[in-house]
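Peer 1: Each chain, letter by letter, is given below.
2 protein chains.
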Amino acid sequence: MKLERVLPYVKTLLRSSVSPGDIVIDGTAGNGHDTLFLAELVGSTGHVYAFDVQQTAIDSTLLRVAKWKESVSVIHAGHESISNYVSKEISAAVFNLGYLPGANHSIITQPHTTIEAIETCLNLLKLNGLIILVVYHGHEGGAEERDVLLNYVSSLPQSFVHVLKYEFLNQQNHPPFVLVIEKMKSQR
Amino acid sequence: MKLERVLPYVKTLLRSSVSPGDIVIDGTAGNGHDTLFLAELVGSTGHVYAFDVQQTAIDSTLLRVAKWKESVSVIHAGHESISNYVSKEISAAVFNLGYLPGANHSIITQPHTTIEAIETCLNLLKLNGLIILVVYHGHEGGAEERDVLLNYVSSLPQSFVHVLKYEFLNQQNHPPFVLVIEKMKSQR
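Going line by line, the protein sequences match chains D and S.
At position 13 of the first sequence (counting the first as 1) the number is 12 in numbering that gives the first Met the number 0, and the numbers step up by one without a gap.
At position 158 of the second sequence (counting the first as 1) the number is 157 in numbering that gives the first Met the number 0, and the numbers step up by one without a gap.
Take the hints with a grain of salt, since some may be wrong.
Because identical chains share one entry, a pair is satisfied inside a single copy or across any pair of copies.
With a Cα cut of at most 30 Å, we get these calculated DSSO-like pairs of lysine-lysine [what the hints assert, rightly or not]:
# : residue 1 : residue 2
1 : K66       : K87
2 : K184      : K68
3 : K87       : K1
4 : K184      : K1
Keep in mind the hints are simulated off the structure, nothing from the lab.
These numbers come from a predicted model, not from an experiment.
Use the sequences and the hints to build the structure in full.
Peer 2: Here it is as structure tokens:
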């Protein structure tokens, strides 16, 4: 037995919740790794909507998903504007919170836009669909986003969603943890 | 997709880490549910050592595992005395921390004996073996045991063990969470 580390665990969750033909959201396209993984899961009959505020992320992601361009929309906009682009039911959404690896570390996700994006995804999400948040919190501003987010998800009604925290405790350098939100009821 | 709740997740972990012929420990036999589950996993060629301080727990467990009496030792002693009974390599140990459901709620597991038992199990545990702790903390004394335990597991060296916390955040009435310790190296 090996306990799944954080990023493999996210892939396991996505594999179990996303099927060919599904519509899914990557709220932080970044270098496009999750976008590509999602594109492979939904296939040519599904669709991935990937968002990012940075041109360099858009470029990297477009390059990585070149093979899937018909079923992936790479959108140069913050995830707070998801509702302008997606109106169909989704089976999953994934967010990597923090900064873009290899780019300017002062451009970081912000708690209020993150929560706005989660709210939109909660509306679009099908029953038993998942919103997965990988929370990086070692950078400047990271602890604040983490705490606002933990307060927010902890306050969601348990009849509406289940919220799981998957976290390794004895590691140095503030490793990321995972928050998973499963929708249990259509209305809160 | 459905996120696994706490008790099904414990069973998934045990199924993935325990094989026929293994030696395993149930540190809190209680009503014998985990003891039976472990007995079925290790089969007639393996062995389960189950510990409890309360006669009523011993009686319930003996009754439940009657079919497996050759491969289960139900021991009327606290888990701090595991080292007096087990000296072979184990693949897993499981503990339910708190009080025995249906019995006297003032008889509870105690942080110092729990940690002594974990230390013994860490020594006996094979590489990639698991110690699984289901932490009930809503009862009197529960918050104290939880905090002492969290401090202890967080201080274990990350080269020696990985420590995972699996916890639902938005639930009322202090539901239990799971701590999982995976051994990564033979010495700390």
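Peer 1: Hint by hint, note whether the structure agrees.
Peer 2: Structure-based check of all given hints:
For the homomeric pair K66 and K87, the shortest alpha-carbon distance inside one copy (24 Å) is at most 30 Å, but the shortest distance between copies (54 Å) is not. For a Cα distance limit of 30 Å, the shortest separation of K184 from K68 qualifies neither inside one copy, at 33 Å, nor across copies, at 45 Å. Taking the closest pair of Cα atoms, K87 and K1 come within 30 Å of each other only across two copies (21 Å); inside a single copy the shortest separation is 37 Å, beyond that limit. Proximity of K184 and K1 under a CA criterion of 30 Å is satisfied inter-copy only: 13 Å between copies versus 33 Å inside one chain copy.
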